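**Q** These protein sequences, in sequence, are chains A and B. Just so you know, numbering that gives the first Met the number 0 puts 119 at position 120 of the first sequence, and the rest follows in order with no gaps. Just so you know, numbering that gives the first Met the number 0 puts 340 at position 341 of the second sequence, and the rest follows in order with no gaps.
Hint data in this document are derived by calculation from the structure and do not stem from the laboratory. Please note that the accuracy of each hint is not assured.
For identical chains, the list gives no copy identity; a pair is met inside one copy or between any two copies.
DSS-like mimics (lysine-lysine), calculated; alpha carbons at most 27 Å apart, straight line [to be verified]:
1. Lys308 x Lys325
2. Lys142 x Lys263
3. Lys1 x Lys142
4. Lys63 x Lys52
5. Lys263 x Lys85
6. Lys52 x Lys333
7. Lys36 x Lys379
8. Lys27 x Lys63
9. Lys85 x Lys379
10. Lys36 x Lys63
11. Lys308 x Lys63
12. Lys263 x Lys20
13. Lys142 x Lys163
14. Lys379 x Lys21
15. Lys52 x Lys381
16. Lys333 x Lys308
17. Lys263 x Lys381
18. Lys63 x Lys381
19. Lys194 x Lys381
Please read all numbers here as calculations on a predicted model, not as lab measurements.
Number of protein chains: 2
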Amino acid sequence: MKMNHHYEEISQSYLFSTVAKKAADFQKKYPDREMIKLSIGDVTLPLAGAVIKALHGAVDEMGKAETFRGYGPEQGYAFLQEAIAKYYAGHGVQLDPNEIFVSDGAKSDLGNILDLFDQDNVVLVPDPVYPVYVDTNVMAGRKVLYAPANEENGFLPMPDDSVKADIIYLCSPNNPTGAVYTREQLAQWVAYARKNDAILLFDAAYECFVTDPALPRSIFEIEGAKECAIEFCSFSKIAGFTGTRCGYTVVPMAIEREGMSPNKMWLRRQTTKFNGVPYIVQRGAAAVFTEDGMAEIQHNLDYYRANAKVIAGALDECGVWYCGGKNSPYIWMKCPGGMDSWTFFDWLLETTGVVGTPGVGFGSCGEGFFRLTAFGNAEKTKIAAERVKNAILSLNK
Amino acid sequence: MKMNHHYEEISQSYLFSTVAKKAADFQKKYPDREMIKLSIGDVTLPLAGAVIKALHGAVDEMGKAETFRGYGPEQGYAFLQEAIAKYYAGHGVQLDPNEIFVSDGAKSDLGNILDLFDQDNVVLVPDPVYPVYVDTNVMAGRKVLYAPANEENGFLPMPDDSVKADIIYLCSPNNPTGAVYTREQLAQWVAYARKNDAILLFDAAYECFVTDPALPRSIFEIEGAKECAIEFCSFSKIAGFTGTRCGYTVVPMAIEREGMSPNKMWLRRQTTKFNGVPYIVQRGAAAVFTEDGMAEIQHNLDYYRANAKVIAGALDECGVWYCGGKNSPYIWMKCPGGMDSWTFFDWLLETTGVVGTPGVGFGSCGEGFFRLTAFGNAEKTKIAAERVKNAILSLNK
């Protein structure tokens, strides 16, 4: 028996556990001080009424022999594939429902999609980055290169013709930086991928936060992307499904590499190693796209957007560089006074009781930066933003 | 870009599509004849009332801010891990809840578990077999050996010391044959695995059909199994969750290979490439193990068991060799008159209107055998069994 020793190469991340420990220590040291977490990556608002109604309806169906559903199609029910296709059509992207694969979340598919590719491919990921892109490749023994994101490129790395990559991860709006690629920038990535026979794995999990019509919400808004990109999306952020688990992956029919069709391969992978998303959950997800569902969901998104605006406004007032905050639930700020990420974390917590996430935890290029999130309670976010502003202003005195 | 060309090595199975086409042709040819499907692998009874009640309760929780659940533990909520541990304790197996990983189904985990092992391992699967075991390994480029199951060994292949395998799939009660290993037989497999440093992947998806207390329901009833086996189980058959999606995988703390812990590796795999089962579904699954849930579920299982008994009784009356039918929802019969699997399929359909599944579709050792299932409607199953019996008796005249 030979084990997969690549598991030994994954670096243990203590980012969130260290953050949690320091927060707990603070609360123990200062039991009377109010701590506010602007480090939450999870949603906090409950599911929309239209979704709850659809879930109850589907549960009732499962309790009666006449309407009970057993095994469903592994790639998702047509009613949900079609609802997703209609949502895409709303921002100008035409998809065949057979290009849409309903999944239990973007995270699963971002990892599992690698099954389609040979081990011997070069992977390019931005730094800083959502850790799953790197870890899933390291676990499979692939070489990972990094595209440095920094203040100069606005945390939006662009293709470098001297780097030959086969599999490229892009995330826009980005986690953790909140930066959003323009159409022109994505067109350069599409051109690079087509020229180099590469495939772009485009993580669109935060597309619902884009309100600026000039910014793309899908890689497929870019001409030629259907021959070189796979897109991953999720109901987690648009509709608060982090604990309800539903996402989808778009694998265009038009991509072909080495005479093989990733669409057909993914269908084979899913029918062999997956059994579909619960019928109940798919009914809830489809309700997101109804008129009532969309109205409620926009209300929730506006709540988070207002939080982002409050945080960004506070940073504007104290002249701190940041990206994100608009078209994104994340604000990625430069630590003031030249502090490194963890020094700022400690200083901010001690000074204000506000908890954020050290940027260096997402990659070495994140050093000196800090992530704040808009998923918290509105009142508390206002208090936290005011405290952060005052603390930074006091530094400059 | 190099694709995974092992996908080209997977043999396309036309088993179920051919069965469906032949059934449709029959119905077209004889619009007035009643066709009965004894080929259904899916459950047909609705979810139990206790499960429906728990699902509704959890949906309500998701609709209120105070009780809303976001990201949950990837390995499952403690309330469900503990309920599963208690269920195992009921048949004498003590598990630590941290050995239990809640999943979206046995099929997913049976494929995904292979992430833990090097490509260079020899895989042993029984023939005939559930196709997922073979396909997931072929997709990953592993060499697959077959352990022949046949009438002589009662479709329960035993270890062969001349065969050196690293990863061994066992399924008991078996799909498709319905055969169930005894404790003594499983003890031989455990001994083989320990001696050869192999790992047994034990598919216990049908354990709930075992009523004979002399037969094991878990590999962990066998001494020493915790050092060499991983068990996969599902709510699909015990509680009709085929469309609700929940299962679990037991990875004992005690297994170690090459200094690595599969339990720790699987935790890492799941936290990196999976985001847990919907909270709502986990609440439904936990209700299976309540007093009310168990009573209802036994009632449903008894319904299917009665169907199996009816089919087995009919075969007894016409002297046909079969295995399964007891402690299993599957009946695996020898085709009468020396017919091969497809000849018998065609003859049986034409003669009786009953649809079954040709054994050869599950592997070459299934040639000359035929699978009937107990998941259909009770009245129709009685009619079908009577027709099968009379047709076979008429053959012998």
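**Q** Since the copies are identical, ignore which copy is meant and state whether lysine 308 and lysine 63 lie within 27 Å (CA to CA) inside a copy, between copies, both or neither.
**A** Between copies only: 25 Å across, 48 Å inside.
**Q** Regarding lysine 27 and lysine 63, is the shortest C-alpha distance of 27 Å or less found within a copy, between copies, in both, or in neither?
**A** neither (52 Å within a copy, 30 Å between copies)
**Q** 27 Å Cα cut-off: does lysine 63 pair with lysine 381 within a copy, between copies, both or neither?
**A** For lysine 63 and lysine 381, the Cα distance is within 27 Å only across copies (23 Å; inside one copy 48 Å).
**Q** Checking lysine 308 and lysine 325: alpha-carbon separation at most 27 Å within a copy, between copies, both or neither?
**A** Classified as within; 7 Å inside a copy, 65 Å across copies.
**Q** From the Cα coordinates, with 27 Å as the cut-off, is the pair lysine 263 and lysine 381 best called within, between, both, or neither?
**A** Neither: 49 Å inside a chain and 41 Å across chains, both beyond 27 Å.
**Q** Between copies, within a copy, both or neither: which fits lysine 333 and lysine 308 at Cα up to 27 Å?
**A** within (17 Å within a copy, 72 Å between copies)
**Q** Is it within a copy, between copies, both, or neither that the alpha carbon of lysine 1 lies no farther than 27 Å from that of lysine 142?
**A** For lysine 1 and lysine 142, both the intra-copy (21 Å) and inter-copy (13 Å) Cα distances are at most 27 Å.
**Q** For the identical chains here, do lysine 52 and lysine 333 meet the 27 Å Cα criterion within one copy, between copies, both, or neither?
**A** neither (43 Å within a copy, 50 Å between copies)
**Q** If the cutoff is 27 Å on CA atoms, where do lysine 52 and lysine 381 land: within, between, both or neither? Let me know, please.
**A** Neither: 32 Å inside a copy, 40 Å across copies.
**Q** Cα distance capped at 27 Å. Does lysine 142 pair with lysine 263 within a copy, between copies, both, or neither?
**A** Classified as both: same-chain Cα gap 26 Å, cross-chain 23 Å, threshold 27 Å.
**Q** When no copy is specified for lysine 379 and lysine 21, does a C-alpha distance of 27 Å or less occur within a copy, between copies, both, or neither?
**A** within (20 Å within a copy, 65 Å between copies)
**Q** At most 27 Å between alpha carbons: which applies to lysine 263 and lysine 20, within, between, both or neither?
**A** between (46 Å within a copy, 22 Å between copies)
When each numbered hint is compared with the structure, violations occur for hints 6, 8, 9, 15, 17, 19.
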